[in-house]
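Residue numbers (this note's numbering), protein chains in the order written: chain A, 24 to 409; chain B, 3 to 390; chain C, 14 to 183.
If you're looking for bench data, these hints aren't it; they were derived computationally from the structure.
As the structure is a computational prediction, the values presented were derived from the model and not from experiment.
A virtual CB, placed ideally from N, CA and C, is assigned to each residue, including glycine.
Keep in mind that a hint or two might mislead.
Said to hold, decoys possible - Coverage of chain A stretches by chain B, computed from C-beta distances (three or more under 8 Å per stretch; other residues unrestricted):
| no. | segment |
| --- | --- |
| 1 | 72-84 |
| 2 | 89-95 |
| 3 | 98-112 |
| 4 | 122-134 |
| 5 | 251-263 |
| 6 | 324-333 |
What the hints assert, rightly or not - Capping the alpha-carbon separation at 25 Å, the derived lysine-lysine pairs in DSS-like fashion look like this:
| no. | chain 1 | residue 1 | chain 2 | residue 2 |
| --- | --- | --- | --- | --- |
| 7 | C | K154 | B | K164 |
| 8 | B | K365 | C | K19 |
| 9 | B | K260 | C | K136 |
| 10 | B | K6 | A | K68 |
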Amino acid sequence: MREVAIVGVGCTGFKSVTPEISYKEMMFEAATRAYQDAGNINPRKDIDAFISVAEDYWEGFSIFDEFVPDQLGAVLRHLFTVSGDSIIGLATAYMLIKTGYFNTVALESHGKPSDILTLHDIVSFAMDPILNRPLGGHPFYVAGMEMNRFLCTTGNTRDQCAMIVAKNKGNALSNAFAAYGANVDVEDVLNSDMQFYPLKKIEISKPADGGIVIILASDKVATKLNENPVWIKGVGWASETPSLETRCWSKAIYARLAAEMAYKKAGIMTPSVEVDFAEVDDLFSYKELQHMEALKLCRSGEAGKLTEEGITQLDGYLPINPSGGMLGMGWPLEAAGLQRLQEVVLQLRGQAGNRQLSDVEIGVAQSWRGIPTATGAVAVLSNYKG
Amino acid sequence: MFGKKRVAVIGAGMTLFRRNLKETGKELAWEASNMALDQAGLELKDIESVVMGTAPDAFDGVHMKGEYLADGAGAWRKPYSRVFVGGGTGVFAIDAGWWHIASGQFDTCMVVAEEKMSSCYPHPAYAFTTIFDPIYSRPLGVTLIWIFALEMHRYMHVHGIKKEDIARVSVKNKRNALDHPCAQLGANITIEDVLNSEVMCWPVQRLDISPTSDGGAALILASEDVAKKITDNPVWIDGVGWCIDTTFWTNRDLYYPKYVQGAAQMAYKMAGIKNPPKEIDVAEVYDPFDYKELHHMEGLMLARKGQAPKLTAEGVTQRDGDLPINPSGGLLGVGNPIAAAGLMKCCEIFWQLRGEAGKRQVKGDPRTGLAQAWGDLMQYGSVVVMRS
Amino acid sequence: MSEKIKHFPGESLKGRDIREGRVPTIKHRPNVKYLWSAGVAMSRFLEGLKKGKIVGSSCKKCQRIMVPPRAFCEECFRPVDGYTNVKDTGTINTYSVSYVAGDASRIKEPILVAVIDLDGASKGMGILHLLGEIDDWKTIKFGMKVKAVWKLPEERTGTITDIKYFKPME
Chain A
24 MREVAIVGVG CTGFKSVTPE ISYKEMMFEA ATRAYQDAGN INPRKDIDAF ISVAEDYWEG
84 FSIFDEFVPD QLGAVLRHLF TVSGDSIIGL ATAYMLIKTG YFNTVALESH GKPSDILTLH
144 DIVSFAMDPI LNRPLGGHPF YVAGMEMNRF LCTTGNTRDQ CAMIVAKNKG NALSNAFAAY
204 GANVDVEDVL NSDMQFYPLK KIEISKPADG GIVIILASDK VATKLNENPV WIKGVGWASE
264 TPSLETRCWS KAIYARLAAE MAYKKAGIMT PSVEVDFAEV DDLFSYKELQ HMEALKLCRS
324 GEAGKLTEEG ITQLDGYLPI NPSGGMLGMG WPLEAAGLQR LQEVVLQLRG QAGNRQLSDV
384 EIGVAQSWRG IPTATGAVAV LSNYKG
Chain B
3 MFGKKRVAVI GAGMTLFRRN LKETGKELAW EASNMALDQA GLELKDIESV VMGTAPDAFD
63 GVHMKGEYLA DGAGAWRKPY SRVFVGGGTG VFAIDAGWWH IASGQFDTCM VVAEEKMSSC
123 YPHPAYAFTT IFDPIYSRPL GVTLIWIFAL EMHRYMHVHG IKKEDIARVS VKNKRNALDH
183 PCAQLGANIT IEDVLNSEVM CWPVQRLDIS PTSDGGAALI LASEDVAKKI TDNPVWIDGV
243 GWCIDTTFWT NRDLYYPKYV QGAAQMAYKM AGIKNPPKEI DVAEVYDPFD YKELHHMEGL
303 MLARKGQAPK LTAEGVTQRD GDLPINPSGG LLGVGNPIAA AGLMKCCEIF WQLRGEAGKR
363 QVKGDPRTGL AQAWGDLMQY GSVVVMRS
Chain C
14 MSEKIKHFPG ESLKGRDIRE GRVPTIKHRP NVKYLWSAGV AMSRFLEGLK KGKIVGSSCK
74 KCQRIMVPPR AFCEECFRPV DGYTNVKDTG TINTYSVSYV AGDASRIKEP ILVAVIDLDG
134 ASKGMGILHL LGEIDDWKTI KFGMKVKAVW KLPEERTGTI TDIKYFKPME
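Starting from the given sequences, assemble the full structure and let the hints guide the process.
Set out below in structure tokens:
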């Protein structure tokens, strides 16, 4: 069976604003770094397929795919766009290599929310045009409703959500890619403005600009390109219903289904024991808890307790979001998944600097497409081919 | 291909193509999927993964349109993703379905395409005003028809092609569409009708262009093992290909679509095709404008550069000709709900290769068929080669 | 199979069914606004236009002078080596005559559009622009020489429309 590895990562960002460069120049910079990282590979001839992950309204174009090839070195080559989550992009690259027809794939995703003047109106524009949109309001009320139901059903607490913010912003202080590292404590979070009850202002990840490019390779060529390949043991992705009216509000079903698929391929039976650390979506503070439970890293209702006991800290036995998550690094729209994935790769390579975890072999990256979707993806990675 | 998985098409479905359909995008996706499942003799529970192909969100008026359409496409609680390469999306969607199965990750995949262009008010053309670069193009008021007219004119100029040579394509495809039960614009017209139609953007005239449409289409793909259990006559996906050229379309010579050639070479290599005009029995070539059928035939190496008009004039591309092109009636005749139109072409090749195209059936016993679409800023080619 | 299918779904509506409210509809105008950073290369281009110059960029490896300018060469995949002015004259690579506006409505006075290969840039390096000062569009020819007609310096704002149009040179 053909195996798939990550042999290069390149990142630019993350910053709250980037007026000095265009999105194209940002992508070029990230791509150049990734190709360099993958043994100085030449994209004009050595990359078999290119994938860009983008959504039109995040970019302000009707067919964003048009504007991608040049800055990735993909002119007159085999590139396409996945309008989805960037870990679904990873799954796509993984499948391409598994077919046996492709040995190297470049995967790109970026966000430049500072170019968008009406970000939340665009989020609203994703809501059902007949049932939901006419009701108006800021679309993040959906997060408030979900948080309320999640806390009520599972018994996790308001204060435990606040601890996520303190932990992640703290972790981000030692991450040069992070835009929003800060020393905050639970008191600061609880004193922050109430925005979408029970969600406080500081519990919402702030937008950030940046781009990431990942190079994947088959086992045939992986070790030639990078002596420390990180192996993809399994990927999974799933969509719950888009309907706000009929979805499950207490559990992240999409993440559970995606995780089950990824774990099955990776041969992981007991995630809470076998997974050494995870990067999970924390667009809103409570999402980290909800996603930990969906990923079976703990039992339902236990994620808050683990957080409170410090088990998910950098020095705990199950570190979650050592990068600082999106609360610390910023929310780069569809690139959020690759932001999670990049940290898992750096940790497994032992290149995470001050926040390096010790003795890690298996890491999980998980993403969610944000409001109003119920779509997410999971990747299980290891530094052992096994 | 030893060690590599073969992928079959085992069912197809589509809705009517019309200027305005009452159904929403979700409902169109559902109708097409439901028919495809029915034709394959499967139920939704048998489907392990879903691929959505749909063009700009600006048509339906929903950001993250793929998410909105998910339940219509039968993706509830399934692995689901959306691919998007502009007008190339319809044919690219089947390419995406192919790798879901060829990778060994799934045994079945439903490929669904939908377009609800009429939601974009007051005219779907509005959606196209934002496909251009905001710095060096949009301030000029550029429209989609401008740039195609520029390409058509360049193609005509370089090869000395006359308008009537191009009009023949429109005549042929609209006539073919008379036999398609879903067609929006099947008609018996003459070359003169095309040449006398309203000038939109010289050299493009009214009858050179396909309409805007609503519609849906779907295909069911399966691994070899599963397909052989379900049907005696699967159609195999033997080659997929795609290729993109530079964003700077004013820096290219528009007379020849290198990106289509790049996509075709990829697919031909996979399918082991050495001599395309000899080995391909029937083709559905992307024809949103009549000149594009000719332009694309050349890019696909089904005709030498500048020779496609001659083949058309000689009747080679008619349904009873040696190389039938667009027996369905194409976008010019059946209609052009962007991504659904591309997938309609794949449905047609499926039906042709199974000998089930009824009045549209091409002569002989076609064994190898090709579908192709084109997209982005005149820069994208997507191709699939199928065999019975 | 299509021959076996007796009924294809879909209920066709007339345009007036919608316009005259015979079917229920929902109207929504999205509030979507952007302020794009022009970036390194395009900022130079726009600043050049303000000064009455067309800026290109150059790559030493493939020896091309490219316009519109870019910060990196897409052929060689490396940063460009510098920026240089090209001429505001060129030849018509292809042209069209548009009677249709962006919303598909018809316009009386057609807009003349062309891809113009600029002098001083590498072969085939064209830009999209309008043609003007042409009484009869049938006099436009492929390969015709044209020159930019600029707005007055005080009217220029650093956009592509600082060039009003290109006009025939003879």
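Now the hints, each set against the structure:
Under a criterion of three residues with beta carbons nearer than 8 Å to beta carbons of chain B, the stated coverage of the segment 72-84 of chain A is upheld, 5 such residues being counted. Only when three residues or more bring their CB closer than 8 Å to a CB of chain B does the claim for the segment 89-95 of chain A stand; here the count is 5, and the claim holds. Given as covered by chain B, the segment 98-112 of chain A passes the check, having 11 residues with a CB less than 8 Å from a CB of that chain where 3 are the minimum. For the segment 122-134 of chain A, the stated coverage by chain B holds: 3 residues have a C-beta nearer than 8 Å to a C-beta of that chain, and at least 3 were required.
Counting residues of the segment 251-263 of chain A whose beta carbon lies closer than 8 Å to any beta carbon of chain B gives 5, which reaches the threshold of three, so the coverage claim holds. Counting residues of the segment 324-333 of chain A whose CB lies closer than 8 Å to any CB of chain B gives 0, so the stated coverage by that chain is violated, three being the minimum. For the given pair, C/K154 sits about 16 Å from B/K164 by alpha-carbon distance, which is consistent with the 25 Å threshold. Pair hint B/K365 plus C/K19 holds up; C-alpha atoms about 23 Å apart against a cutoff of 25 Å.
Proximity of B/K260 to C/K136 is assessed by CA-CA distance (about 18 Å); at most 25 Å being required, the pair is judged to hold. About 24 Å separates the Cα atoms of B/K6 and A/K68, which keeps this hinted pair within 25 Å; it holds.
In terms of the numbered hints stated before, the structure departs from hint 6 and from no other.
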